[in-house]
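J.: Use the sequences and the hints to build the structure in full.
Next come the chains, spelled out residue by residue.
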Amino acid sequence: MLAGIDYFIVIAYIIGMLLLGLYFKKFVNSSEDYFLGGKSLPFWAIGMSIVVSDIGALDFVGVSGQAYRYGISVGNFDWVGSVPAMLLAAFIFIPYFWRGGMYTIPEYLGRRYNQKVRTIASVTWILFFALDLGVLFWASAVLLNVLMGWPIWISIVATAGVVGLYTYFGGITAVIMTDVVQFIIMFIGGFALVFLSLYEVGGWDNMVDKIATMGPEYRNHFDIIQPQDTKSPFPWTGILFGLTFVMANAYMIGNQSIVQRCLTAKNEWHAKASMIFGSALKMFIPILVLFPGLMAVVVHPGLEDGDQALPMMIKSILPPGLVGLMFAAFFAGLMSSVDSLLNSTATLFTKDIYEPFIKKGADDKHYLKVGQITTLVLLLIGVATSPISSDFPGIYVAIQTFMSYFQGPIFAILLLGIFWKRTTEWGGLSALVIGIGFAIYLNVFKEQFFTIEDPFLYISWWSFLLGFIINVVVSLLTKKHTEEQLKGLVFSSKILVENKKL
Amino acid sequence: METNEINAALKAAQINNALGFFIMAFGVIVLFAMIFTETFVEHMTDMVAGLILISIGGGMMWKAKSTIKKLKSKKE
Numbered sequence: 001m002l003a004g005i006d007y008f009i010v011i012a013y014i015i016g017m018l019l020l021g022l023y024f025k026k027f028v029n030s031s032e033d034y035f036l037g038g039k040s041l042p043f044w045a046i047g048m049s050i051v052v053s054d055i056g057a058l059d060f061v062g063v064s065g066q067a068y069r070y071g072i073s074v075g076n077f078d079w080v081g082s083v084p085a086m087l088l089a090a091f092i093f094i095p096y097f098w099r100g101g102m103y104t105i106p107e108y109l110g111r112r113y114n115q116k117v118r119t120i121a122s123v124t125w126i127l128f129f130a131l132d133l134g135v136l137f138w139a140s141a142v143l144l145n146v147l148m149g150w151p152i153w154i155s156i157v158a159t160a161g162v163v164g165l166y167t168y169f170g171g172i173t174a175v176i177m178t179d180v181v182q183f184i185i186m187f188i189g190g191f192a193l194v195f196l197s198l199y200e201v202g203g204w205d206n207m208v209d210k211i212a213t214m215g216p217e218y219r220n221h222f223d224i225i226q227p228q229d230t231k232s233p234f235p236w237t238g239i240l241f242g243l244t245f246v247m248a249n250a251y252m253i254g255n256q257s258i259v260q261r262c263l264t265a266k267n268e269w270h271a272k273a274s275m276i277f278g279s280a281l282k283m284f285i286p287i288l289v290l291f292p293g294l295m296a297v298v299v300h301p302g303l304e305d306g307d308q309a310l311p312m313m314i315k316s317i318l319p320p321g322l323v324g325l326m327f328a329a330f331f332a333g334l335m336s337s338v339d340s341l342l343n344s345t346a347t348l349f350t351k352d353i354y355e356p357f358i359k360k361g362a363d364d365k366h367y368l369k370v371g372q373i374t375t376l377v378l379l380l381i382g383v384a385t386s387p388i389s390s391d392f393p394g395i396y397v398a399i400q401t402f403m404s405y406f407q408g409p410i411f412a413i414l415l416l417g418i419f420w421k422r423t424t425e426w427g428g429l430s431a432l433v434i435g436i437g438f439a440i441y442l443n444v445f446k447e448q449f450f451t452i453e454d455p456f457l458y459i460s461w462w463s464f465l466l467g468f469i470i471n472v473v474v475s476l477l478t479k480k481h482t483e484e485q486l487k488g489l490v491f492s493s494k495i496l497v498e499n500k501k502l
Numbered sequence: 001m002e003t004n005e006i007n008a009a010l011k012a013a014q015i016n017n018a019l020g021f022f023i024m025a026f027g028v029i030v031l032f033a034m035i036f037t038e039t040f041v042e043h044m045t046d047m048v049a050g051l052i053l054i055s056i057g058g059g060m061m062w063k064a065k066s067t068i069k070k071l072k073s074k075k076e
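Residue numbers (the numbering used here), protein chains in the order written: chain Z, 1 to 502; chain C, 1 to 76.
Worth flagging that the hints you see were computed from the coordinates, not collected in a lab.
A quick note: this is a predicted structure, and the numbers were derived from the prediction, not measured.
You may find that some hints are simply not true.
Claimed, not checked - Here are the simulated lysine-lysine pairs, BS3-like style, with alpha carbons at most 30 Å apart: (1) 74(C) x 25(Z); (2) 116(Z) x 479(Z); (3) 25(Z) x 65(C); (4) 39(Z) x 74(C); (5) 11(C) x 65(C); (6) 63(C) x 39(Z); (7) 359(Z) x 116(Z); (8) 26(Z) x 70(C); (9) 25(Z) x 75(C); (10) 480(Z) x 421(Z); (11) 39(Z) x 359(Z); (12) 69(C) x 26(Z); (13) 69(C) x 39(Z); (14) 360(Z) x 26(Z); (15) 26(Z) x 11(C); (16) 11(C) x 369(Z); (17) 72(C) x 25(Z); (18) 360(Z) x 116(Z); (19) 75(C) x 365(Z); (20) 65(C) x 39(Z); (21) 487(Z) x 360(Z); (22) 494(Z) x 421(Z); (23) 479(Z) x 494(Z); (24) 487(Z) x 116(Z); (25) 63(C) x 26(Z); (26) 359(Z) x 487(Z); (27) 11(C) x 75(C); (28) 39(Z) x 70(C); (29) 11(C) x 39(Z); (30) 72(C) x 365(Z); (31) 11(C) x 365(Z); (32) 75(C) x 39(Z); (33) 25(Z) x 63(C); (34) 25(Z) x 11(C); (35) 39(Z) x 494(Z); (36) 75(C) x 65(C); (37) 26(Z) x 74(C); (38) 369(Z) x 26(Z); (39) 421(Z) x 479(Z).
T.: Here is the structure:
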């Protein structure tokens, strides 16, 4: 448990976040303000927010833990697993979403393919986000319980109250701006931790020498590329095909909570720049997350659970004040994940389900209210389902794995939708349905197809490939779209050099 | 500059002002936490971290305030 000044900092941070989030209420007057921040936000804030929502508190702890167990190869997720995909998103995909005045990625799929593809993609994301909410509420409550000694239910209600209030009132502006604060604090605390950890282990060379003498299981700790027969979940084949080609692109281009942030930019230049700036910041993440995990091998050898590496390093290395600040940033990381899910799910429901199917053509204030009420309902669902996570400890991993399965087929239809004029509505629909079905099949019978324990990288690659092939074959057999239908939806080299003003 | 552009710039400046205040307040708290440290290295870490937070927050507030002043006079 924390004590004294650190306890005070965590409490002040939570209250401060609430007040800061509520302050943004005055900027919300329409549904565009609520879902897209009135299209007025600057690139630097969006870039920071993208990085923070990508690397939440659970990932921070998890990646450090994996660096402790498997070494620096986990850094691939933030380098080749992020930067090329973010640049591709910035120059090719974001301009189409932004110019089209879209709110959601399924909205693009609906215009490019048909309403069924839009609805399936949207419902899949809504289900995933709603399931994830309960898990994140539980994780936040456990963190508060451990740090502050509060009972679990009070911790859940406190988290839901704080996040719910500022997301309900402030919309995506509150979500992005609270991320900015979290980013700055996480970076300053993180660099302080790396600096003090290096001091503790006697410098980089000393740490490498010590780890090398610790036994054969640490032999590959400094190999960024792991052989195909490695026991770790990161063989080079999985990293190249599953992560770099599919999951990274699917995450940065096809994930509503990431793309929605770029659509809040004040103009197209800022929308592109936010991704490019985010990719530059992303390159520092392995230093902040990976290095403490590696140094923990020397400072705290023999930990049973690698995920304890980062919390142990923070407690033993950082001085009073920064300990509280880092734990507050962890908690804020969880809050940031929750608020992103709340706002993105409300956007998906309002724009892709409510507006086309329940009430078409209502006035803007009505959709703003629907978005806010959806946020509130999701909050209640999250609170009610959070105890389920305690009964199923593997649920977080299961939910994250579930995401990796549908991302492959969604990315296949997004990619072909933009780059191949010939792809048709039936091609997209069959690729999405069969691709997701195939990923589920591979997961159920994974022991028969794969030798590694958690083959999510391979599954995403094969489901992407099948979705891609199905889309091509079915499209060639069905009626193509007219030039008029494809206007502004397929690739043109002009998109690389032109910036359209708002 | 059109009224819409002025309003958007004002909104951005008001947001930066709020963020700056929040970050600066935490810088002050971290600086204050120096009195609880034991070693010289801990002392310096809190001081540097606190001063960086104060500089970032203070800088944001200063820039935001001057922008707000400029835009308000333009609006009038």
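J.: So which of the earlier hints does this model not fit?
T.: The structure breaks none of the hints.
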